[in-house]
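Q: Please build the complex by placing chain B on the supplied structure of chain C, with the hints as guidance.
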Amino acid sequence: MKTQDYKRLYIWEGPVRIFHWINALCILTLTITGFLIADPPAIMSGDEASHRYWFGIVRFIHFTAAYLFVAVMILRIYWAFAGNRYAHWRNFLPFNKKGLQNMLHVLKHDILLIPERKPGLSSVNIGHNAVAGLAYLLMFLLALVMVFTGFGLFSNNASWWFPKMFAWVPAALGGDFMARTIHHLSMWLIWFIVFVHVYLVLFHDWMESNGEVSSMISGFKFFKKERFKEE
Amino acid sequence: MVKSDKRETYFDAIIKMGYTRRDFMKFATFMAAYMGLKTSAIAQIADALENTPRVPVIWEHYQECTCCSESFIRSDHPIVADIILDKISLDYTETLMAAAGEQAEAAKHATMEKYHGEYILCVEGSVPLKDDGQYCCIAGKTALEQLKEAAAGAKAIIAWGSCASNGCVQSAYPNPTGATPIHKIIKDKPIVKVPGCPPIGEVMAGVIVHVLTFGTLPELDRIGRPKAFYAKRVHDSCYRRPYYDAGLFAEHFDDENARKGYCLYKVGCKGPMTYNACGSMRWNNGVSYPIQSGHGCIGCSEENFWDNGPLYERLTGLKGFGIESTADKIGMGVTGAVAAGIGVHAIASAVAKRKAKRAQRAEGKTNEEELKA
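These protein sequence lines are chains C and B, in that order.
Every letter in the first sequence is one number past the one before it in the numbering used here, and letter 68, counting from 1, is 68.
Every letter in the second sequence is one number past the one before it in the numbering used here, and letter 14, counting from 1, is 14.
For the record, the hints were derived by calculation from the structure and aren't laboratory data.
There could be a bad hint or two in this list.
[Unchecked claim] With a cut-off of at most 30 angstroms between alpha-carbon atoms, the simulated BS3-like pairs for lysine-lysine come out as follows:
hint, chain 1, residue 1, chain 2, residue 2
1, C, 224, B, 353
2, B, 148, C, 108
3, B, 353, C, 7
4, B, 355, C, 224
5, B, 141, B, 184
6, B, 130, B, 148
7, C, 225, B, 355
8, C, 164, B, 266
9, B, 372, C, 225
10, B, 141, C, 7
11, B, 38, C, 164
12, C, 97, C, 225
13, C, 224, B, 365
14, B, 357, C, 108
15, B, 38, B, 114
16, C, 164, B, 189
17, B, 353, C, 98
18, C, 224, B, 357
19, C, 7, B, 365
20, B, 148, C, 225
21, B, 372, C, 7
22, C, 108, B, 355
With the rest of the complex left out, here is chain C:
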């Protein structure tokens, strides 16, 4: 009889999951409030201006979420050194031979859906695959662009040294106009990655039945027993 023996493996540690979900929440909040700031809806009422502050509150939420975004980013950077092998920073620089091979494999069999003649166990990715790692590097760089342009635009109104550190950014870009445009455009690029990311998570869960989606909450994924021996 041929039965499959699956084993549970703890992959995503607490800090990684906390980062992931707070980061996701921040991106969503920042995008919604960002759109409101870019093009505020006409909310009419007979109230005096002194009784209302909704736009100020929207901006407050945007700036607060930005700080949270930076905070979890710092947590994740720390965990890229302190965490387990699946959280390690090397996952996000897959430029060695193994990484490039894995990238080719993912492109061929996951993206282009070319059937594998002889499915090898070593091509089953336990943590991030190489393409995903590269995508998260890009995401990280885009997040840095957002932080630099965002806090650069914010710096003029700030009294704390942290946002003031970014005051040179709009100046270097030729003014707030360009900084704002880049801030806005990078938001779309982040969402481009988010859409692909969410789709591929569902895709892998569906195709590989390894508990990909629930692992983002529980931290556990399931793999064939044979795969462990190689790891």
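A: Quick look at chain B alone, frame taken from chain C:
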């Protein structure tokens, strides 16, 4: 009063013009206030104007509309126009000097030689670089030659207005004459940028009085603008700011909200991105400024303001993607492409999944049969 061998001071000239000492002190106070200095600086300004000989000024005009000069001569203290501009300081300015033609050029060259390394060069306008600079020629020389010649002996350069600071309208896409701001041509002299189309007259007066009286440049920001006037956004000193925070916006220029004086953010006000002193100093002797007159800020003191999207909408154009395209259009295009890609991929994976399932089912059935047996 003035010894013949001594160079005239500003104070001498002011008294000669018939102003009283009281007028002079008022002027010094005005200037200190413009520059945002503390009260003890009033004495410093008065002292400098009384004791330092006047600094010669050469004021060049290249590709521009003279709105900077117009703004400056309307600066609200008469001594600025009378003394600094009309009577004593300007050794050369095409627009306002009495001399013309060869006489004017001779006066300029005399100043450049006599006060080499001492005079202040004020530049109004941008310099065309395309086609050998033939688009702007003065006295048989191109603006580029004129600028290099005048800059060589200058102590410092003041770039008046957006033309000299960042190119302004002539450098707007497609920039047919290759209009270039001063700081991209002259690299070895201290340059103060006083952007605006035009800059506020009092700002100009404040900058030039600072340079002339203290002999140093005012404190500059990263872009090279005087911090005293360009440290804040128009938005941050706008009297309509409370409406912005309350989320009360004019939707059109002729709607009820516009009449109520609500924030002009949604009709394209560029105040939130524009660094200038309009909100605090205002124009025409502090009477008003664009937003107070019901029109959004067009961002005239910011780089590339002509190419930074439409004046009456909250969009930001992108160079290289065409003037009309905006970040949102690009974003929606990208998102649409992603959605299409995901759709195609999902269908293809469904097909692949069916095959895999068939194999799994077959495997399951074999296992079941084996268990039964």
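Q: Now tell me, hint by hint, if it's right for this structure.
A: Hints versus structure:
Pair hint residue 224 of chain C plus residue 353 of chain B holds up; C-alpha atoms about 19 angstroms apart against a cutoff of 30 angstroms. With a C-alpha separation of about 61 angstroms, the suggested pairing of residue 148 of chain B with residue 108 of chain C is violated against the 30 angstroms cut-off. Restraint check: the Cα-Cα separation between residue 353 of chain B and residue 7 of chain C comes to about 23 angstroms, which is no more than 30 angstroms; the hinted pair holds. Proximity of residue 355 of chain B to residue 224 of chain C is assessed by CA-CA distance (about 20 angstroms); at most 30 angstroms being required, the pair is judged to hold.
About 20 angstroms separates the Cα atoms of residue 141 of chain B and residue 184 of chain B, which keeps this hinted pair within 30 angstroms; it holds. For the hint pairing residue 130 of chain B with residue 148 of chain B, the CA-to-CA distance comes to about 16 angstroms; that is within 30 angstroms, so the pair holds. With a C-alpha separation of about 24 angstroms, the suggested pair residue 225 of chain C and residue 355 of chain B falls inside the 30 angstroms cut-off, and the hint holds. A distance of roughly 28 angstroms separates the Cα atoms of residue 164 of chain C and residue 266 of chain B; the hinted pair therefore holds under the 30 angstroms criterion.
Between residue 372 of chain B and residue 225 of chain C the CA atoms are separated by roughly 25 angstroms; this keeps the pair inside 30 angstroms, and the hint holds. Taking the CA atoms of residue 141 of chain B and residue 7 of chain C, the gap is near 84 angstroms; set against the 30 angstroms cutoff, the hint is violated. In summary, the hint linking residue 38 of chain B to residue 164 of chain C is supported, as the alpha carbons are separated by about 25 angstroms, within the 30 angstroms threshold. At roughly 26 angstroms between alpha-carbon atoms, residue 97 of chain C and residue 225 of chain C fall within 30 angstroms of each other, so this suggested pair holds.
Distance hint between residue 224 of chain C and residue 365 of chain B is fulfilled; the C-alpha atoms sit about 20 angstroms from each other, no more than 30 angstroms. For the hint linking residue 357 of chain B to residue 108 of chain C, the alpha-carbon distance of about 20 angstroms falls within 30 angstroms, and the restraint holds. For a cut-off of 30 angstroms, the pair hint linking residue 38 of chain B to residue 114 of chain B is broken: about 36 angstroms separates their Cα positions. Proximity of residue 164 of chain C to residue 189 of chain B is assessed by CA-CA distance (about 29 angstroms); at most 30 angstroms being required, the pair is judged to hold.
Restraint check for residue 353 of chain B and residue 98 of chain C: satisfied, since their Cα atoms lie roughly 27 angstroms apart, inside the 30 angstroms limit. Distance check on the hinted pair: residue 224 of chain C and residue 357 of chain B sit about 17 angstroms apart at the alpha-carbon level, within 30 angstroms; holds. A threshold of 30 angstroms between alpha carbons decides the hint, and for residue 7 of chain C with residue 365 of chain B the separation of about 23 angstroms falls inside it, so the pair holds. Distance restraint check for residue 148 of chain B and residue 225 of chain C: the Cα-Cα separation of roughly 78 angstroms exceeds the 30 angstroms cut-off, and the hinted pair is therefore not satisfied.
Between residue 372 of chain B and residue 7 of chain C the CA atoms are separated by roughly 26 angstroms; this keeps the pair inside 30 angstroms, and the hint holds. Annotation: proposed proximity of residue 108 of chain C to residue 355 of chain B holds, straight-line Cα distance about 17 angstroms (limit 30 angstroms).
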